Every structure is written in structure tokens, then in C-alpha cells.
Amino acid sequence: MADDPRPTESKYTSERLIPGAFEGETVTRRRFMTGTVQVAGGVATAAFLLPALGFAIGPVFEKHHPTWQAVGSPREFPEDTYIPKVITIVQGIGQAGKTTTYVRKRNPRVDTDTPDQYNRYIAISTRCMHLGCPVRYVSAAQRFICPCHGGVYDFEGLVAGGPPVRPLDRFYTRIRNGQLEIGPRYSVNSQLRRFSPRDPAQPLDGIGQYLYPSRPTARKLPGT
Amino acid sequence: MPKLPAPPLPKALTPSPKRPGEGNGKVSAKDHAVEAGATAIDWIDERTSLSGVGRWAMFRKIPKGTNWFYTLGSATLFAFLSQAVTGVFLAMYYDPSPTRAYESARFITEQAFLGEFVRGMHKWGATVMVVLIFLHMARTFFFGAYKYPRELNWVIGVALLVLTFVMALTGYLLPFDQRSFWATIVANNITASGPLIGPYLGDFLRAGPEFGATTLSRFYAIHMLIVPGAIAALIGAHLYLVAKLGTTAPPWMKAEQDPKLLEERA
Numbered sequence: 001m002a003d004d005p006r007p008t009e010s011k012y013t014s015e016r017l018i019p020g021a022f023e024g025e026t027v028t029r030r031r032f033m034t035g036t037v038q039v040a041g042g043v044a045t046a047a048f049l050l051p052a053l054g055f056a057i058g059p060v061f062e063k064h065h066p067t068w069q070a071v072g073s074p075r076e077f078p079e080d081t082y083i084p085k086v087i088t089i090v091q092g093i094g095q096a097g098k099t100t101t102y103v104r105k106r107n108p109r110v111d112t113d114t115p116d117q118y119n120r121y122i123a124i125s126t127r128c129m130h131l132g133c134p135v136r137y138v139s140a141a142q143r144f145i146c147p148c149h150g151g152v153y154d155f156e157g158l159v160a161g162g163p164p165v166r167p168l169d170r171f172y173t174r175i176r177n178g179q180l181e182i183g184p185r186y187s188v189n190s191q192l193r194r195f196s197p198r199d200p201a202q203p204l205d206g207i208g209q210y211l212y213p214s215r216p217t218a219r220k221l222p223g224t
Numbered sequence: 001m002p003k004l005p006a007p008p009l010p011k012a013l014t015p016s017p018k019r020p021g022e023g024n025g026k027v028s029a030k031d032h033a034v035e036a037g038a039t040a041i042d043w044i045d046e047r048t049s050l051s052g053v054g055r056w057a058m059f060r061k062i063p064k065g066t067n068w069f070y071t072l073g074s075a076t077l078f079a080f081l082s083q084a085v086t087g088v089f090l091a092m093y094y095d096p097s098p099t100r101a102y103e104s105a106r107f108i109t110e111q112a113f114l115g116e117f118v119r120g121m122h123k124w125g126a127t128v129m130v131v132l133i134f135l136h137m138a139r140t141f142f143f144g145a146y147k148y149p150r151e152l153n154w155v156i157g158v159a160l161l162v163l164t165f166v167m168a169l170t171g172y173l174l175p176f177d178q179r180s181f182w183a184t185i186v187a188n189n190i191t192a193s194g195p196l197i198g199p200y201l202g203d204f205l206r207a208g209p210e211f212g213a214t215t216l217s218r219f220y221a222i223h224m225l226i227v228p229g230a231i232a233a234l235i236g237a238h239l240y241l242v243a244k245l246g247t248t249a250p251p252w253m254k255a256e257q258d259p260k261l262l263e264e265r266a
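Chains A and B are the protein sequences, given in the same order.
First residue of the first sequence: 1, per the numbering used here; consecutive thereafter.
First residue of the second sequence: 1, per the numbering used here; consecutive thereafter.
The set of hints was computed from the structure by calculation and includes no laboratory data.
This structure is a prediction, so every number in the text was calculated from the model and none was measured.
Where is the CB? At the ideal position from N, CA and C, for every residue including glycine.
Each hint should be verified, as a subset may be incorrect.
[Claimed, not checked] Here are a few chain A residues that face chain B, going by a calculated C-beta distance under 7 Å:
hint, residue
1, Pro59
2, Gly132
3, Cys133
[Unchecked claim] On the chain A side, residues computed to face chain B include the following (Cβ under 8 Å):
hint, residue
4, Gly54
5, Val86
6, Ile89
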């Protein structure tokens, strides 16, 4: 190996003829300066970009506290049909923050979900589980019907036809001071098992509940 | 570095030098004005060399067979400019708050001077822009103009197409009537129906689990600040590549063969 083309000496030596360079120097001053400037620029960019991004995605992590709204005397609601009630789900934005819920008394001959203190009255959300259009209850057919893409739900809110992927959402209900109160929303799967509220178009049967994770900020009520 | 060609001015516009003894000593106000304009442009050009850039971008050689289909890109550009200008002026009257948006949009249509016209330009111009961008894309595809070395420009064009859709989607909410409200609910739920990250994307777009107080202003900011900026920047890149790479001949044009090569084959 007499003609080894590889240099025998390090390039980081005084042979570079740079004043002040010394033997064993692994980072030249030029490289050090370049690196410092780039790091400083990166830090400065991150200093405004990260807070701005956090500001934009902040609402995703905002905790929501359950609210209860009185909608009338419990005697008002029969077992065999629904009474529509308008509740406010977002404060301060006028009509856009309101939604209709269909309310009736729980009917043990019809309802198959596990009874507890929160479903002595059934409050069905009008948010269609296909893509979120407002469904209406047609009492002659005892069906909920969606005007957008033809979703149909039966008396219990279970899917009877069309594209929806799960039964209509419900609201917790309770009786306080002689008034029926509508609480936070929860979602159900086809067995009417309760889940924390999900967006429409997110199935909750089988693998669905894992493909569409729940929000850490909106849970079911404790013990349900 | 090849010399850039001088702008091909027609003969009639080329000023002929004055003959000796003609108009001696008489300098009219028009001469002064022309001289001042030329001086101002020279002053800027001497410091920026922009005239070279302008000549490089504008006086390009184009292939034989270039036809009206090649104007679709410019047409899309002008649709975007029209949207930008009308949008800026609509923003002077529009109020992106959930309780005021519908009323302010109605004020523009019914009371503001020329409001109906400007809002109509913006509304119909949006449709025109989507149609034009598709026609431009079809021209590029069927003429094979996306091939080497113009693939990157195709990619930029696809990004512009997607951003144009984002504009159309976010702008649809702003009139804040029943149709735009429910259409946005549906679009948002389609976004949220993607597995695993869909729910988070939906919440990000809506600023929370429900259509809330800041959803409208969020869509407004995306519609009038974020996406137009991105579109303008990408149009700059798109046009730079068009000027740098040149345009393609239509596929029915055959390359003229060098006669010398023909002889060699025989």
C-alpha cells in the first residue's frame, strides 16, 4: 500500500493555513459560526411559531363542563311519542348555538338500554349520525328522518335505513325541583351502550370505537 | 450567458432619430414628460435590473402551434386576482361573528353601493375559478405538458387545486345562512370521519367539539389570510417554472427533422 491516496494527516490541522487554527480542532470557526446562526434562527422562529400554533389548536384541549337545562315538567312528556324541545349547546352565538332534542318518558316495553338515574326520560339528539344534518321525528311513521341523504331511525333512535353508522346520540336527563333537565350529550352503539360523545360518521360497533378515539375533554358522566 | 432578445417593437412605435436641424432648441412639455418617465424607470432599473427579469419573463420563445388553450392558466390567474380584489373590499363590510355575519352579508347585498355587484363577482368568480383551474389542468394533461422536466410544476398545480378547494369550502360558510351552515357541518363531519386522526382534525377545524363562537372567525381567517397567502406564493413558483422551462408544443405538432439527418438515413 505504498500509493495510498488517502491523506495521512487530518484536515483539521494548522496546514490549512488559517490563522489561529490548531491541531486537533474538529469544528472550524466558520462551521461553528454557521451553526450558531442557524440555531439562533431556529430558536427565534420556534419562539413565535410554536405559541401561535398552540393558540390555534388550543380549543381542541379545552375542558367542557356539563350543563343542565330545564325543559319543563316531567308530566309534559308521554311514553308513546316525542315532544320537541330547543336547548342551547353553545352560549352566546344566537341561533347557531341552539339545537332541538326530542324528549319522551322511558317506556319499559320498548326501551332496551340499561335503566339508571339518567334515562328515566329519553332525550334524543337531532344530529344525524351520517353527517350531522338535523333529523325530524315523523310521528305517523314513528321514525326519525334526515332530509340530507335519507337516513332513517326507528322509535328508539336505532338505524332503520340509509347511510347512518350508529344510532342517534342522546342527552342525559334528570329531574330536579320538579323540572326535567337535559344534560350533556353521549353517543351510543347499536346495543345502546353509552360512549363519550363522538362526531357523526364515526361508527362505535366493533373496531369503530378504537378507530375513532374519544375526546379527553368530553367524557361520560361518572358511573354511567 | 446568451444575450436576451430586445423586445420586438413594431416599426411604427420605434422612434426615428431626429434629422439634423429639425426642431433645434425647442423642447416641448411632452418631451419633458417622456424624458422624466424614462429617467424614473432608468433610476429604478439601474438599481434593481428588473427590466432584464421582465424581458426574461415576458419575451420568451414559444413553440409553433401555441393556441387559445394556452391562455387557460392566465385566465385562472385573473380569476384569482378578481377574487383577491373583491374579497379585500368585501372584508371592509363583512363581520365574521355568528350573530352579525348574516346581517352584514345582507347589508352588502341590499344596501352597500355596488355591494350586490361586488359580492356577485366574488360568488360567481369562485365557481369560474374552479372551472378554469380544471380546464387548465385538463389542457396540461391532454397536451402531455406535465412530463419531464415539468413534473414539479404539475405538483405545484395540484397543490394550487387543493388550496382552491379549501377556499371554496371555507368561503361557503361565510354568508352564514342555513345552507352554508349545514354544508359546513357536513364538510366538518366528513373531515372527522377519517380514522384515528379524523376526530382531532374535525375539532381543530371547528375549534372544539361543537360548532362554536370562534368557528366562523376561524374559517374566515383561513379563507382570507392563510390560504390566499399560500396560493399567491405558489402561483409565483408556478409562473417562475413556466418562464424557466418554457411551454410545450401541442401533441399534434411534429418536430421538424434536420435534412442532414434525413440524408444520412438514406
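Going through the hints against the structure:
{"no.": "1", "hint": "Pro59", "in the structure": "holds, 4 Å"}
{"no.": "2", "hint": "Gly132", "in the structure": "holds, 4 Å"}
{"no.": "3", "hint": "Cys133", "in the structure": "holds, 6 Å"}
{"no.": "4", "hint": "Gly54", "in the structure": "violated, 12 Å"}
{"no.": "5", "hint": "Val86", "in the structure": "violated, 15 Å"}
{"no.": "6", "hint": "Ile89", "in the structure": "holds, 6 Å"}
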